[in-house]
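> Below are the chains, spelled out letter by letter.
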Amino acid sequence: MATTVHEPPQTGLRRERDSGNGGWRNLVPADGDPRAVRDYSPPPASTGIWVVVYAITMTFAALTSALIVRKGSSLDWQSFTLPSVLYLNTALILCSSVTLEIARRRVATFMGGITIPGESPARWLYITLVFGLLFVTGQYVAWSRLRAEGLYLATNPSSSFFYLLTAAHVLHVLGGLAGLLYVIAKLRKSELRRSTLDAASRYWHFVDLLWVYLLLLLWMKL
Amino acid sequence: MHDVSAHAAQHHAPPQGFIRKHVFSLDHKVIGKQYYGLALVAVFVGMVLSWIMRLHLGWTNLAIPGLHLLSKTGAPGDIMTPEYYLQLMTMHGTIMVFFVLTTAPFAAFGNYFLPIQVGAEDMPFPRFNMMSFWVTFTAFIVLMASFFVGDGPTLGGWTQYAPLNAVGSVGGPGQGRGVVLWAASIAIFCVGQLLGSLNFITTTLDLRVKGMSLMRLPLTAWGWFITSCMGLTAFAVLMPACILVILDHVAGTSFFVPSNLVINDQLQPHSGGSTLLWQHLFWFFGHPEVYIAIVPGMGIVSHVLVTNMRRPLLSHRVIIACMGSIAILSYMVYGHHMFVSGMNPFSSLAFSFPTLIITIPATIIVLMWVGSLYGSRLRINTASLFALGFISMFVSGGVSGFFLAQPSIDIMLHATYFVVGHFHMVMAVAAIFGIFSGTYFWFPKMTGRMMNETLGKIHFWLSFVGAYCIFMPFHYLGIAANVRRYQAFVDDYLQPLIPVHKFITVAAIATGIAQFIFLYNLIHSRYWGKTAPDNPWEATSLEWSTPTPPPFDNFGGKHPVVYHDPYQYGLKSSTGDYVMQASPEQVATEHDEK
Chain Z
1050 MATTVHEPPQ TGLRRERDSG NGGWRNLVPA DGDPRAVRDY SPPPASTGIW
1100 VVVYAITMTF AALTSALIVR KGSSLDWQSF TLPSVLYLNT ALILCSSVTL
1150 EIARRRVATF MGGITIPGES PARWLYITLV FGLLFVTGQY VAWSRLRAEG
1200 LYLATNPSSS FFYLLTAAHV LHVLGGLAGL LYVIAKLRKS ELRRSTLDAA
1250 SRYWHFVDLL WVYLLLLLWM KL
Chain D
2 MHDVSAHAAQ HHAPPQGFIR KHVFSLDHKV IGKQYYGLAL VAVFVGMVLS
52 WIMRLHLGWT NLAIPGLHLL SKTGAPGDIM TPEYYLQLMT MHGTIMVFFV
102 LTTAPFAAFG NYFLPIQVGA EDMPFPRFNM MSFWVTFTAF IVLMASFFVG
152 DGPTLGGWTQ YAPLNAVGSV GGPGQGRGVV LWAASIAIFC VGQLLGSLNF
202 ITTTLDLRVK GMSLMRLPLT AWGWFITSCM GLTAFAVLMP ACILVILDHV
252 AGTSFFVPSN LVINDQLQPH SGGSTLLWQH LFWFFGHPEV YIAIVPGMGI
302 VSHVLVTNMR RPLLSHRVII ACMGSIAILS YMVYGHHMFV SGMNPFSSLA
352 FSFPTLIITI PATIIVLMWV GSLYGSRLRI NTASLFALGF ISMFVSGGVS
402 GFFLAQPSID IMLHATYFVV GHFHMVMAVA AIFGIFSGTY FWFPKMTGRM
452 MNETLGKIHF WLSFVGAYCI FMPFHYLGIA ANVRRYQAFV DDYLQPLIPV
502 HKFITVAAIA TGIAQFIFLY NLIHSRYWGK TAPDNPWEAT SLEWSTPTPP
552 PFDNFGGKHP VVYHDPYQYG LKSSTGDYVM QASPEQVATE HDEK
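Which chain is which? The protein sequence lines are Z and D, in order. Each position in the first sequence, counted from 1, maps to that position plus 1049 in the numbering used here. Each position in the second sequence, counted from 1, maps to that position plus 1 in the numbering used here.
Read the hints as simulated data drawn from the structure, not as lab findings. The beta carbon of each residue, even a glycine, is placed where N, CA and C say it ideally should be. Incorrect hints may appear among the rest.
To be verified - Chain Z stretches covered by chain D per the calculated footprint, using a threshold of three residues with CB under 8 Å from any CB of chain D:
| hint | stretch |
| --- | --- |
| 1 | 1132-1145 |
| 2 | 1172-1184 |
As the list claims (entries may be wrong) - Have a look at the derived ranges for each label pair, beta carbon to beta carbon:
| hint | chain 1 | residue 1 | chain 2 | residue 2 | range |
| --- | --- | --- | --- | --- | --- |
| 3 | Z | T1106 | D | S342 | 23 to 31 Å |
| 4 | D | V251 | Z | T1106 | 44 to 52 Å |
| 5 | Z | P1091 | D | G253 | 42 to 50 Å |
| 6 | Z | R1196 | D | G158 | 36 to 44 Å |
As the list claims (entries may be wrong) - List time: in silico SDA-like cross-link candidates among lysine to any residue, alpha-carbon distance up to 20 Å:
| hint | chain 1 | residue 1 | chain 2 | residue 2 |
| --- | --- | --- | --- | --- |
| 7 | Z | K1120 | D | L262 |
| 8 | Z | K1120 | D | G343 |
| 9 | Z | K1120 | D | W159 |
| 10 | Z | K1120 | D | P497 |
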């Protein structure tokens, strides 16, 4: 058996019925059963990752609004051309999402007890990890190019927002890489939960989409 | 009771050793107590700061013995400088809003009781939960450190308006490192609250035991859940705003400082920043923060009142809907803090309308409480008295909100003590009364001891009368055009108001001293109080189904099954006039008998 931990089986959902008034009506449990039975709850990691995604979305929404307001509030905004390496980075992170999806399916199959001889279930996770690290390196190269052009954090509000948004995104990518390492470690110890794998992959796809959004924003506004 | 394998996610082994049990604990109950302790320390620091400020306002140039120990430059000869007054005012507001009003009703009680009320063993991510407390604690230390760094804490007010927040030490004492520490502290605080919100939301949605539908959650659980949703949105915006402030200071960026700004005859090196940008980002957090402070109190007050009324509230569902409506509307009203900011007047109108609308769900909640109280035989104890006090303060402070919601009136009153009176009553005192109500109600469950009721009632009446004596005159001062944020009132038209300030100062000190009765009661009862039974208030929710104090895993290795709605009072059962949520007993109501 490849893995040791499984989600509890879904035992069927029944429609919830309540008085809705905290206690005025609908008192007597019919046939002694508790009403509003839900034997199955989604694993917290599945819900939690959407909570995390929402919070990060709000943070970047705040920074986006700051960029728009700041650009419109003064005439000191100087546009510059984005370093071309960013487009390569975009391709890298998009590829990483594809490889992660392959990894997720392979690992899920492996967790279901089916093994492919000669293939490590973590192989595509490692490939994703490499793509992620290349993306981070690529972002560093982009910052170096800008510095070579004399554009620093405080040079102009446009460069301030470039560094701010890309650095904030890279921090979240590093969080995703840490999540992938956690998944690999758990997989190696046969302690991986399906919900953990799904949560990590959803997060990774989210930071991928977030980068595409940021690239469009920077391309349009810088 | 039955075993539920679905809840394996939050399992963790019982802690071993003092450090794991009491310091870096993963147990939500210990973390809840840690948050409560932090709030208790913070509230006494904040209260002492307010005493110092009030003494200065009543008797300008009064030497306050020992004040120079706090700051030699801010209080030479124990007499406060105008700048130091503003520094203390800033710290008072920041400490109270973030580390008391957010921490105690939400993080402290929510951590302790939310998992128990849904029937869980713990939060789903205990390590994040532990981190949330220690991150918050670090934020408090960073903020307090600003007292001892350079020329003291920032003087920009708890709102830290731009451009003063970004110009550096040229803006006055504390505007250099003081602001950086303030912004770092708040950014760190935001991280802690986001981690907390993550746990609260997932606990509520995913860890409810069998039979615990959403509508069977007690109103306290609903209050914490709605608050965590608000916090998730608000703190995720405040954190990057604080980072922008820090960058303006340490990296030379120009997010908030406009062009050609001259301060103290010095042209500022920044250019093109937007001062309004900070206000938008801050108040997008700042107004929901008011409800982050008050909605948990609404849940606690409902919970305490319904237990002592011995009959259900008029409508559980309507109160939940109203709390949810308040949460959503809170993000549409924040611009009412900016009526005098230079914002487009049409924007003021757009923010004024939802500001008036948001009073509707708040009013409905109050009417639900009052309507439910009408004709009930309320058990009078300290917890229920503080719950009534909450309603009184919330209504008294809320009524003045109607005036301030209208831009034409707010322009006149905005910079006066009217606003100070308004928000202290509706947000601060009401929320603190909610904290007191929750403390007297849940203390037996948390410690296994009863608090002294006589001391509790003395504490209530002194606090209740004292709070009115302090904050009602503020409204009068505001109508008399007494400006706020001034450290002395030397203008001719303000001189006749100084006796009112003296009265407020005396009331503030007396009310503050009364809080030591509470502190004594808290500490004495913790060790020498009467032993508490498992369910001293004959309450119904799950926290009263477990032993007192609850064991490490809350329910002794089992999970309860929930058979009933949360507030089944006013009926005949084998236990009395109530049936607990976890009791399978079938009981008929008067309604059914009719």
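> Hint by hint, say whether it matches the structure.
Here is how each hint holds up against the structure:
1. 1132-1145: Check failed, 0 qualifying residues.
2. 1172-1184: violated (count 0)
3. Z:T1106 to D:S342: 23 to 31 Å: holds (27 Å)
4. D:V251 to Z:T1106: 44 to 52 Å: violated (27 Å)
5. Z:P1091 to D:G253: 42 to 50 Å: Distance hint for P1091 of chain Z, G253 of chain D holds at roughly 47 Å.
6. Z:R1196 to D:G158: 36 to 44 Å: holds (37 Å)
7. Z:K1120 to D:L262: holds (18 Å)
8. Z:K1120 to D:G343: holds (18 Å)
9. Z:K1120 to D:W159: Not OK: K1120 of chain Z and W159 of chain D at ~27 Å, beyond 20 Å, violated.
10. Z:K1120 to D:P497: Violated - the C-alpha atoms of P497 of chain D and K1120 of chain Z are around 49 Å apart, more than 20 Å.
Hint compliance for this structure: hints 1, 2, 4, 9 and 10 are not met, and every other hint is.
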